[in-house]
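As a plain string of letters, each chain reads:
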Amino acid sequence: MHEISLMESVIALIEDQRRVQDFSRVRTIRLQVGALGHAEPAALHFCFSAVAHGTIAEGATLEIDMVPGQGRCPACGELVALDDRFAPCPGCANPHVRMTAGDELRLAELEVE
Amino acid sequence: MCTLCGCSTAVLAAHPDREPPAHDHAHTHDHDHAHAHPHGTIDFGNGPAGVHIPGLSQERTIRIERDILSKNDAFAATNRARLRNVGVFALNFVSSPGSGKTSLLVRMIGDLKQRWPIAVVEGDQQTSRDADRIRATGAPAVQVNTGKGCHLDAHMVGHALDHLPLAPGGLLFIENVGNLVCPAAFDLGEAHKVVVLSVTEGEDKPLKYPGMFAAADLMLLNKSDLLPHLEFDVGACIASALSVNPRIQILTVSARTGEGLAAFYSWIEGRAAAMTGQAAAVG
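Each protein sequence line maps, in turn, to chains A and B.
Residue numbers for the first sequence follow my numbering, so the first one is 1 and each next one is one higher.
Residue numbers for the second sequence follow my numbering, so the first one is 114 and each next one is one higher.
A few of these clues could be false.
Said to hold, decoys possible - Example chain B residues on the side facing chain A (calculated, C-beta under 7 Å, incomplete): (1) E172; (2) T174; (3) R176; (4) I181; (5) P323; (6) P359.
Claimed, not checked - Chain B residues, not near chain A, derived (Cβ > 12 Å throughout): (7) E178; (8) D180; (9) G211; (10) L225; (11) W229; (12) T313; (13) D338; (14) L340; (15) V357; (16) A394.
Simulated from the structure, these hints should not be mistaken for lab results.
A virtual CB, placed ideally from N, CA and C, is assigned to each residue, including glycine.
Start from the sequences, fold in the hints, and give me the full structure.
Rendered as structure tokens:
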């Protein structure tokens with residue numbers, strides 16, 4: 001259940017921000033999560049509700065933007081959509097497409113007051 | 114400051130060397146103020162972050178753009194620098210439970226302790242049984258119990274390093290929690306991840322748990338002494354590992370008989386020498 005660790009890390013990053021910025025409440029937390037990564041959005045939501053209690057993030061809405069998978073084919077040079085991490089190039093079938101997007105795990109922004 | 118125990122062991126750093134990820138999401142990047150926008154930068158400079166909604170003037174949006182694992186990565190960078198400065202070559206052993214990681218380490222320590230000073234970090238949810246087995250070989254070991262946690266993180270390993278003798282030119286073996294999923298995401302500061310797969314598991318495991326095999330630089334196919342008793346297709350297993358990670362190196366070994374371990378020790382020697390050489394070149 002590493003989603004718990006991930007959401008604890010998100011809250012730690014928010015606590016860091018509170019020390020730098022001046023806010024008392026977080027309304028919305030917006031994450032970018034890669035569709036081909038290892039974090040499951042439903043589990044992130046579930047774990048968030050478990051770990052946010054008693055923190056600055058309690059009561060905030062968690063929004064997760066999924067980042068679709070994308071890769072660069074080393075053979076034909078095309079930027080292609082990837083439905084799975086090790087999918088071959090849909091154009092030329094080269095099996096070694098280098099993933100360029102879809103592995104994100106980022107805290108993108110906060111709406112605070 | 115560490116959020117887990119309140120200690121101050123790491124300095125957080127942004128990652129300017131990261132390639133900005135391409136992305137596609139619903140919210141707009143339009144703001145009424147200018148800022149440099151390669152992702153990977155932290156941008157929270159100019160007061161209210163540009164979203165002005167009538168009636169909600171006290172609300173603002175702060176762009177953070179930080180990797181969720183950035184804290185772990187900062188601890189890992191600290192561990193890596195510390196190990197490199199001392200000249201310790203660290204391997205992070207990952208696998209499912211029961212692949213034979215601890216038996217492999219016990220064997221390796223017996224074979225290598227005259228050649229290199231060796232220290233071990235043992236990760237398990239509970240008990241110090243594995244560290245006890247390691248200490249019985251004469252090597253110093255620290256047991257990290259992760260409790261409910263399913264993986265070691267860099268912060269835990271940093272604390273473990275405080276309790277181990279780190280000898281110049283030595284080896285550090287980190288035995289991660291038996292789990293083929295979560296430890297893939299957590300850099301501990303090691304030089305390489307080594308994934309151990311035993312021949313009593315399925316040969317298609319790299320396809321089922323691709324993240325871990327993609328993250329590792331070396332795969333050890335362990336328990337080769339059992340192959341005569343099993344219908345395990347070594348070729349198919351190697352093919353499935355290479356299909357998820359074309360760069361992975363693969364050695365077939367047996368912790369019980371020692372088969373294949375000489376090649377693994379040569380690999381360690383070569384990689385450790387390369388690391389020491391690089392450290393010397395850097396200064």
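request  = Classify the label on L340(B) as holds or violated, using whether its beta-carbon is more than 12 Å from each beta-carbon of chain A.
outcome  = For L340(B), whose nearest Cβ neighbour in chain A is about 27 Å away, the distance exceeds 12 Å, so it holds.
task = May I ask you to test the interface hint for T174(B) with respect to chain A, counting a Cβ-Cβ separation under 7 Å as satisfied?
result = With a minimum Cβ separation of about 5 Å from chain A (threshold 7 Å), the hint on T174(B) holds.
request  = Answer holds if the nearest beta-carbon of chain A is closer than 7 Å to that of P323(B); otherwise answer violated.
outcome  = holds (6 Å)
query = Would the stated hint for I181(B) survive a check requiring a Cβ distance to chain A of less than 7 Å?
reply = holds (4 Å)
ask   = For the hint on E172(B), does the least C-beta distance to chain A fall short of 7 Å?
value = holds (4 Å)
message = The output says D180(B) does not contact chain A. Does that hold with a beta carbon cutoff of 12 Å?
response = violated (6 Å)
query = Looking at W229(B) again, its CB stays over 12 Å from all of chain A?
reply = Given that every Cβ of chain A is farther than 12 Å from that of W229(B), nearest at about 32 Å, it holds.
request  = Could you check that no beta carbon of chain A comes within 12 Å of the beta carbon of D338(B)?
outcome  = holds (31 Å)
task = Please settle this one: G211(B) was flagged as non-interface, so is its CB more than 12 Å from every CB on chain A?
result = Nearest chain A Cβ is 20 Å from G211(B), so the label holds.
ask   = At a threshold of 7 Å, is the proposed contact between P359(B) and chain A supported by beta-carbon distances?
value = At about 6 Å, which falls below the 7 Å cut-off, the nearest Cβ of chain A leaves the hint on P359(B) intact, so it holds.
message = Given a cut of 7 Å on the nearest C-beta pair, is the interface hint for R176(B) held or broken against chain A?
response = holds (5 Å)
ask   = T313(B): least C-beta distance to chain A exceeds 12 Å?
value = Holds: least Cβ distance 25 Å, greater than 12 Å.
Hints 7, 8, 15 from the earlier list are contradicted by this structure; the remaining hints agree with it.
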